[in-house]
Amino acid sequence: MTIELLYGVDATAEAFNSMEEPTSALVGNLMDISKYLIPFEECDVSMVSRVGGKCASLGELMKAHIPVPPGFAITTDSYMRFMEDNNLMDKVMKKLDGLDESMVAETELASQEIRSWIDSGSISEMLEDMIAEYYRLLSKSTRTPALPVAVRSSATAEDLPDASFAGQQDTFLWTRGVDDLLDRVRRCWSSLFTARAISYRLKMGFDHSQVQISVAVQKMVRSFTAGVMFTLNPATGDPSTIVIDSNWGFGESVVSGEVTPDQFQVNKIAMEVAKRTVSDKGIYYTTDPETDHVRQLPVDAERRSSQSLLDSEILALAELANRIEKHYGKHMDIEWATEKSLPYKGEIFIVQSRPETVWSQRKAKPIVEPKASAVEHILAGLLRGKKIK
Amino acid sequence: MADMKFPDPHEVEPIPGTEGWQRMYPYHYVFSDDDPNRAKYEKGMFWFYDGLHYPEPMYPFDIIWDEAWFLALSQYNNRIFIVPPAKGIDHRIINGYIYITPLPVENPDDIPKRAEEFMKRAGYYYANWKDLENTWEGKMREVIKQLVELEIPTLPEMEEESVVFEGLGVSSGYKLLNAYDKLIDLGILCWQYHFELLNLGYAAYVFFMDFCQKAFPDTPAQKVTQMVSGIDVIMYTPDDELKKLAKLSVELGIDDIFLKGDAGSVFKELEASDKGNQWLQAFTAARDPWFYVSSGTGWYHTDYSWNDDLTVPLSFMNIYIEKIKEGENIDRPVEQIQRERDSLTEGYRARLQTEEDRTTFDQMLNQARTVFPYVENHLFYVEHWFHSVFWNKVRDVAKILSEAKFIEDVEDVWYLSRAEIKDALWDVVTAWATGSNPRGPLVWPKEIAWRKDCMAKFREWNPPSAMGTIPETINEPFTILLWGITSESMANWAKLKEVAEGDVSKIVGFAGSPGLVEGTARVCRTIAQITELKDGDILISTTTSPSWAPAFKKIKAAVTDVGGVMCHAAIVCREYGLPAVVGTGSATSRIKSGQKIRVDGTSGVIEILE
Numbered sequence: 007m008t009i010e011l012l013y014g015v016d017a018t019a020e021a022f023n024s025m026e027e028p029t030s031a032l033v034g035n036l037m038d039i040s041k042y043l044i045p046f047e048e049c050d051v052s053m054v055s056r057v058g059g060k061c062a063s064l065g066e067l068m069k070a071h072i073p074v075p076p077g078f079a080i081t082t083d084s085y086m087r088f089m090e091d092n093n094l095m096d097k098v099m100k101k102l103d104g105l106d107e108s109m110v111a112e113t114e115l116a117s118q119e120i121r122s123w124i125d126s127g128s129i130s131e132m133l134e135d136m137i138a139e140y141y142r143l144l145s146k147s148t149r150t151p152a153l154p155v156a157v158r159s160s161a162t163a164e165d166l167p168d169a170s171f172a173g174q175q176d177t178f179l180w181t182r183g184v185d186d187l188l189d190r191v192r193r194c195w196s197s198l199f200t201a202r203a204i205s206y207r208l209k210m211g212f213d214h215s216q217v218q219i220s221v222a223v224q225k226m227v228r229s230f231t232a233g234v235m236f237t238l239n240p241a242t243g244d245p246s247t248i249v250i251d252s253n254w255g256f257g258e259s260v261v262s263g264e265v266t267p268d269q270f271q272v273n274k275i276a277m278e279v280a281k282r283t284v285s286d287k288g289i290y291y292t293t294d295p296e297t298d299h300v301r302q303l304p305v306d307a308e309r310r311s312s313q314s315l316l317d318s319e320i321l322a323l324a325e326l327a328n329r330i331e332k333h334y335g336k337h338m339d340i341e342w343a344t345e346k347s348l349p350y351k352g353e354i355f356i357v358q359s360r361p362e363t364v365w366s367q368r369k370a371k372p373i374v375e376p377k378a379s380a381v382e383h384i385l386a387g388l389l390r391g392k393k394i395k
Numbered sequence: 003m004a005d006m007k008f009p010d011p012h013e014v015e016p017i018p019g020t021e022g023w024q025r026m027y028p029y030h031y032v033f034s035d036d037d038p039n040r041a042k043y044e045k046g047m048f049w050f051y052d053g054l055h056y057p058e059p060m061y062p063f064d065i066i067w068d069e070a071w072f073l074a075l076s077q078y079n080n081r082i083f084i085v086p087p088a089k090g091i092d093h094r095i096i097n098g099y100i101y102i103t104p105l106p107v108e109n110p111d112d113i114p115k116r117a118e119e120f121m122k123r124a125g126y127y128y129a130n131w132k133d134l135e136n137t138w139e140g141k142m143r144e145v146i147k148q149l150v151e152l153e154i155p156t157l158p159e160m161e162e163e164s165v166v167f168e169g170l171g172v173s174s175g176y177k178l179l180n181a182y183d184k185l186i187d188l189g190i191l192c193w194q195y196h197f198e199l200l201n202l203g204y205a206a207y208v209f210f211m212d213f214c215q216k217a218f219p220d221t222p223a224q225k226v227t228q229m230v231s232g233i234d235v236i237m238y239t240p241d242d243e244l245k246k247l248a249k250l251s252v253e254l255g256i257d258d259i260f261l262k263g264d265a266g267s268v269f270k271e272l273e274a275s276d277k278g279n280q281w282l283q284a285f286t287a288a289r290d291p292w293f294y295v296s297s298g299t300g301w302y303h304t305d306y307s308w309n310d311d312l313t314v315p316l317s318f319m320n321i322y323i324e325k326i327k328e329g330e331n332i333d334r335p336v337e338q339i340q341r342e343r344d345s346l347t348e349g350y351r352a353r354l355q356t357e358e359d360r361t362t363f364d365q366m367l368n369q370a371r372t373v374f375p376y377v378e379n380h381l382f383y384v385e386h387w388f389h390s391v392f393w394n395k396v397r398d399v400a401k402i403l404s405e406a407k408f409i410e411d412v413e414d415v416w417y418l419s420r421a422e423i424k425d426a427l428w429d430v431v432t433a434w435a436t437g438s439n440p441r442g443p444l445v446w447p448k449e450i451a452w453r454k455d456c457m458a459k460f461r462e463w464n465p466p467s468a469m470g471t472i473p474e475t476i477n478e479p480f481t482i483l484l485w486g487i488t489s490e491s492m493a494n495w496a497k498l499k500e501v502a503e504g505d506v507s508k509i510v511g512f513a514g515s516p517g518l519v520e521g522t523a524r525v526c527r528t529i530a531q532i533t534e535l536k537d538g539d540i541l542i543s544t545t546t547s548p549s550w551a552p553a554f555k556k557i558k559a560a561v562t563d564v565g566g567v568m569c570h571a572a573i574v575c576r577e578y579g580l581p582a583v584v585g586t587g588s589a590t591s592r593i594k595s596g597q598k599i600r601v602d603g604t605s606g607v608i609e610i611l612e
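Which chain is which? The protein sequence lines are A and B, in order.
Sequential numbering of the first sequence, starting at 7, is according to this note's numbering.
Sequential numbering of the second sequence, starting at 3, is according to this note's numbering.
Hint data in this document are derived by calculation from the structure and do not stem from the laboratory.
Incorrect hints may have been included.
What the hints assert, rightly or not - A few chain A residues facing chain B, derived, Cβ under 7 Å:
hint, residue
1, Asn239
2, Pro240
3, Asp244
4, Glu278
5, Ala280
6, Val284
7, Ser366
8, Val374
9, Val381
10, His383
11, Gly387
Cβ atoms here follow ideal geometry from the backbone N, Cα and C, with glycine treated the same way.
Just need the whole structure built from these sequences, with the hints factored in.
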């Protein structure tokens with residue numbers, strides 16, 4: 007069975023692609039729409055400056071037929087338009103004028119003020135209609151009324167400190183309805199001016215007026231299990247191994263290190279589960295069925311020490327990891343989730359992926375010194391021996 | 003590693019009631035502290051228990067093969083091929099268990115000169131491997147031919163007239179002594195050949211494995227073995243021949259006859275019909291040599307070949323007949339194995355990061371594949387074919403001792419060392435010549451009774467996995483590959499002990515073949531017991547050999563007490579895609595038939611579920 011059939015790519019990654027055209031009210035603005043909003047599957051690496059790294063990478067995954075929860079990017083043009091519409095740019099620049107990185111208290115104060123301006127700014131009717139329409143289409147294509155979405159900032163460059171972790175701070179999960187969505191979008195925009203972001207730019211000498219931000223709006227996955235995986239073994243650097251960390255519920259418990267997750271190692275060449283380490287998993291994150299708020303709960307006694315992924319799921323994840331590695335041509339660090347009881351077949355999603363940084367930065371050099379013949383290698387091996395102590 | 007402590011061999015407490023056991027074995031095998039220099043040497047070396055070859059305490063006669071390889075392996079390393087940093091492997095015995103230690107070359111100044119010699123000598127063998135292997139096979143067949151033709155003469159009341167009229171000039175007494183010498187000599191010679199290509203074969207294999215594990219630190223040895231192993235090794239021939247005979251019996255429509263079980267009545271019925279005779283013709287061609295395959299490793303006199311008891315292969319054939327009639331394809335999935343091997347090789351090769359590494363990989367892989375058939379095939383010639391014939395020749399000698407009342411039963415002969423047998427034969431022939439009474443009957447039965455008692459006590463003793471002092475590096479290829487002596491394995495030994503003492507429901511061994519299954523355990527200590535296996539059972543055995551092959555058609559996993567990733571059970575399970583955990587040390591004594599167990603052949607853990 008192909009991955010497409012197993013994970014219903016049709017029903018997930020490409021659903022948004024095949025969704026109906028935007029309604030007539032917006033047809034006249036089609037050109038404008040693609041300036042402000044871009045579905046993930048149309049994003050790619052060439053667009054990082056407009057949709058940010060996160061959306062670009064989700065688009066890349068979709069192009070490689072990796073099941074990714076559908077969604078769209080709100081481009082940097084939307085942000086710029088918002089700033090213009092509210093006459094905020096000059097005001098912000100003035101506020102930041104004269105600050106330097108040593109002025110911690112002043113920076114904090116300025117940040118609070120700027121963020122309150124952005125958080126309370128008004129989004130133009132045109133932009134609001136577009137976002138609302140895209141949100142409606144996303145709900146429709148996934149057959150969920152008032153679809154819960156994750157709203158995340160998608161940084162365009164090294165604008166934010168710790169670029170790879172920036173997303174975590176500005177993530178709003180389980181957002182439902184247009185009003186809440188717009189509110190969270192503004193808060194993502196304002197995250198460009200956290201005190202930390204401001205002082206980082208001051209330190210690095212970046213121009214505050216040049217930095218921009220995109221926002222990703224993505225269908226929430228009601229994770230049954232979730233976690234991270236690497237296309238190599240982060241402990242040994244072995245490129246023939248895939249390492250999968252997993253816990254019940256949302257991936258947060260794994261990413262934050264709040265639990266010791268289950269760990270599975272897959273030999274990616276033979277595609278076999280090579281090692282299973284099932285841990286005692288104390289807590290997990292899930293949604294309250296009433297409020298849709300994320301809650302941390304203790305894991306039921308019988309599930310604490312049971313394996314959180316089936317072997318078939320481990321292998322399916324490994325197959326995705328292989329495809330992602332192949333697509334990017336480098337080792338990757340991937341966030342994933344499984345979802346059960348959905349109206350369609352899709353079960354495993356890739357939520358995020360980024361290049362692995364530790365082993366990949368080492369320069370590839372020969373493992374043993376090249377020799378003219380096998381006999382010389384054998385001699386060298388004998389002389390080297392096997393270290394015991 | 004520093005905290006891992008092993009006992010001083012001189013401080014091992016004797017087992018009460020076995021005092022004087024040392025006289026059963028060669029005097030130089032004993033750890034002794036009467037000479038301070040020797041005591042210091044023994045204390046400073048790292049001695050590990052050779053459980054791979056000797057899961058049981060040694061019979062005084064069976065130690066012949068240990069002496070044979072003590073000489074042969076060491077001479078090829080140290081005196082023939084001049085392995086630069088490694089000399090031979092020294093041997094000792096304690097309470098019937100063999101301990102061995104690899105000797106390094108101590109003076110670093112000697113190494114460059116040794117390396118030069120090694121390149122010249124080993125280089126010649128590697129370069130001419132296939133020719134030398136063919137020559138080897140010819141020599142080996144000649145040794146076996148001489149062994150088969152060797153007659154153990156009996157002692158007549160009066161010599162034949164030909165002794166006189168043909169002027170022969172020697173008696174049957176002399177001929178008996180001579181035949182015994184020749185028998186032992188052929189055994190030692192066969193073991194000289196055994197190692198002719200083996201040391202270098204292992205070295206090529208070890209360093210390919212070493213390279214793969216450097217490039218891919220998580221890669222289990224079984225994957226490397228899979229890349230190297232061929233599909234045309236003769237180890238599979240006995241089983242393939244049996245399958246052919248099963249098919250033939252179905253084609254001829256005489257398969258019902260084999261259901262009678264007992265070989266005697268089966269053969270009688272076969273001889274009565276044309277079709278039966280047609281089958282018998284094929285059988286006669288196949289059994290020599292292929293039915294000389296041993297039911298065990300061949301290292302012990304207790305390992306019998308199919309030819310010794312035809313009921314065993316015939317009952318196995320019934321398993322195949324049953325499968326054929328169910329419409330199952332009983333052939334080895336050769337093409338699939340080949341495909342998997344190729345994709346594995348390609349997969350690993352492609353993931354190497356530099357062109358230089360790919361070149362090294364190709365060089366080492368080719369060399370490893372060149373040597374591999376010998377590494378496998380020698381086992382059939384030496385341990386199976388030669389040994390199976392040899393044990394029975396020794397039984398012919400034992401019959402003479404038994405008739406002379408030196409031993410009560412033919413099988414008591416194994417309690418005498420080969421030198422003691424020679425002495426006893428002198429006692430027999432001189433008394434025969436003289437017409438007097440030999441002293442043997444007064445000496446040996448009593449001594450053998452005592453030795454039996456000692457060996458029973460040895461069996462209850464738990465030999466420590468190692469003794470002495472851990473070295474910093476090991477350069478001896480056998481030590482690394484066959485016994486798997488690495489820092490990991492030593493930690494594993496320590497772990498094995500802990501697990502054994504703590505959690506009784508868990509048994510740890512070496513991951514022999516990947517996969518995870520649950521099922522019913524069936525303990526088979528002897529090959530005859532494998533007919534008790536039901537479809538889907540998990541086989542628990544001390545060890546397996548090619549003659550156990552039919553069992554693998556019925557089981558869904560295998561567990562053995564003895565063996566590493568290269569052992570028979572591991573190789574066959576990988577072929578059939580069954581999980582295997584090998585070298586558990588104690589599975590046959592800790593698991594009971596009928597228990598539900600879980601076998602994880604990927605991590606090497608067995609859990610007893612109920």
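For each hint, the structure was consulted:
Among the interface hints, the one on asparagine 239/A holds; its C-beta lies about 6 Å from the nearest C-beta in chain B, closer than the 7 Å criterion. Interface hint at proline 240/A: violated, since its Cβ lies 12 Å from the closest Cβ of chain B, which is beyond the 7 Å cut-off. At its closest, the beta carbon of aspartate 244/A sits 4 Å from a beta carbon of chain B; the interface hint therefore holds under the 7 Å criterion. The interface hint given for glutamate 278/A is met, as the beta carbon of that residue sits about 5 Å from the closest beta carbon of chain B, less than 7 Å.
Taking 7 Å as the C-beta contact cut-off toward chain B, the hint placing alanine 280/A at the interface holds, the least distance being around 6 Å. Proximity of valine 284/A to chain B is violated relative to the hint, the smallest CB-CB distance being about 11 Å (cut-off 7 Å). The closest approach between the C-beta of serine 366/A and any C-beta of chain B is roughly 11 Å, which is over the 7 Å cut-off, so the hint fails. Against a cut-off of 7 Å between C-beta atoms, the interface hint on valine 374/A holds, since the closest Cβ of chain B lies about 6 Å away.
Hint status for valine 381/A relative to chain B: holds, with the closest Cβ pair at about 5 Å, below 7 Å. Against a cut-off of 7 Å between C-beta atoms, the interface hint on histidine 383/A holds, since the closest Cβ of chain B lies about 6 Å away. This hint holds: glycine 387/A has a C-beta 4 Å from the nearest C-beta of chain B, less than the 7 Å allowed.
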